[in-house]
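K.L.:
The chain contents come next:
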Amino acid sequence: MNALLLELWPLIWIVFKVICIVAPLLLVVAYLTLAERKVIGYIQRRLGPNRVGILGILQPIADGLKLLFKEWVIPTKSSKFLFIIAPILSLVPALLMWAVVPFTQEWVLANIDAGVLFILSMASLGVYGILLAGWASNSKYAFFGAMRACAQMISYEIAMGFALIGVLMVSGSMNLKTIVMHQAGGVSHWFVWPLFPMFMVYWISAIAETNRAPFDVAEGESEIVAGFHVEYSGMGFALFFLAEYANMIIVSALAVLMFFGGWLSPFEGFKLFSGAAVPGIIWFVLKVFLFLFSYLWFRATLPRYRYDQIMRLGWKILIPIAIGWIVIIGAMIQFNWIEV
Amino acid sequence: MATQEDQKALLKKWFICWTLAEIRSGLHLTLLQLVRPSVTLRFPKEQTPRSRRYRGALALRRYPNGEERCIACKLCEAVCPALAITIEAAPSASGQRQTTRFDIDAFKCVHCGLCEEACPVDSIVLTREVHYHFDRRGDNILTKEALLATGDRYEAQLAQDRDDEEDYR
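Those protein sequences? They're chains Z and H, same order as listed. Residue numbering for the first sequence follows this note's numbering, starting at 1 and increasing by one per position. Residue numbering for the second sequence follows this note's numbering, starting at 1001 and increasing by one per position.
Think of the hints as simulated: they come from the structure by calculation, not from any bench. One or more of the hints may lead you astray.
[As the list claims (entries may be wrong)] Here are the simulated distance ranges between beta carbons:
| hint | chain 1 | residue 1 | chain 2 | residue 2 | range |
| --- | --- | --- | --- | --- | --- |
| 1 | H | Arg1050 | Z | Trp107 | 39 to 45 Å |
| 2 | H | Arg1136 | Z | Val225 | 37 to 43 Å |
| 3 | H | Leu1031 | Z | Gly172 | 33 to 39 Å |
Each residue gets a CB set at the ideal place from its N, CA and C atoms; glycine is no exception.
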């Protein structure tokens, strides 16, 4: 018995760590929906939800319970197996990506050397969930939404990948921990400065990649109802919702790790306040929240792009900028303008 | 052949485009709105302020001694553009003209306030009240009793409003 436990111990330990990552993550996802409604409400000078609990603090729980108890309607002419598996397929990659994210120097589930590659591949897998959902629903709106989402996600993945290549060139590693450690030494050492155009390309394509406003043609409430998940109700819909927000969080976390020094304090090396006393996880979470706020802020500000405009922006502007800057980075490294 | 002005305009356009100037100004605007106070009223607790001249629910008023103001002159009935008012009159016990029937069809009434303007004795008035409803078919015919009851309920407010408006009437 004892020997068995000892043998299984690493597995149990990993499962425990997984729970430690996924449970707070789902909590953040839930409260991100509330934050979204609140922030957009305040920007439109409304109050946002404030009836359930103090300041609406229990609203996500009420929403979750409602969705749990709703019937999951499966359209008669849908492809049932795919219809059921699609939301799972879109949520699981969004959660899987967290496996390689280093929260602090010690807190990382899988410190693999191909971390960035793993994240990019998982991000691409997310497309399948959306494509299958749109196709399996057997509804023209869902199909339209899925087609738009796929075209958009595939196009912007290229720009996003190129933007991250800049980071890989400068840090010389695909290991997220090494990338962050390369940015040690305060705010001036962060990759966002030498790679500012790359950061802009990354962030714009990250918003497009997660199908959020102003690039939310895939969902496009006013045009195609709800896009790929029109036919979903109850928990199926909830899973897509979770996937969208989990994707937002992982993309923000990636931006922080790649360009904003991850868990490192921005005041490193400052005499007055170095921020060393503050745990790294706090800095990490603060930076991620800043990016999440910008998601909501953009949604409340910008009108939706037209479909062809999105394609033009992706292919004709972001990708050329990214490729051009890769060349410039190469030159900078060659002539020792930036330290590698 | 592009002139120098054209080139300048093009340069300016490019500058605005590539520095995301328009998006930044939009973001700035929304950020300012974020910190400004909300304009939402929590309805049952808070209500939008209504004017003293607000034309809400109909009512009939009494004199402070409890006597009905209405003298059955039927001016309101005559002026009503929607023909919502029906009045029948007879001498009262004290020998005054008084209404025996004073019905207003709330479904016909357009709340124009002409009856209030026509009334020589300030009897028929429109209160500020907007939250009223009918439960049963036929309740939309506001009888004399119902109108007087409404008037009694809001008398303090009505008298105050008319005092405040005295200079403009």
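K.L.:
Does the Cβ-Cβ separation between arginine 1136 of chain H and valine 225 of chain Z fall within 37 to 43 Å?
P.N.:
Cβ of arginine 1136 of chain H to Cβ of valine 225 of chain Z: about 40 Å, so the range 37 to 43 Å holds.
K.L.:
Verify the CB-CB distance for leucine 1031 of chain H and glycine 172 of chain Z against the hinted window 33 to 39 Å.
P.N.:
holds (38 Å)
K.L.:
Given a hint of 39 to 45 Å, does the C-beta separation of arginine 1050 of chain H and tryptophan 107 of chain Z actually sit inside it?
P.N.:
Given about 59 Å between the Cβ atoms, the range is violated.
Violated hint: 1 only; the structure is consistent with all others.
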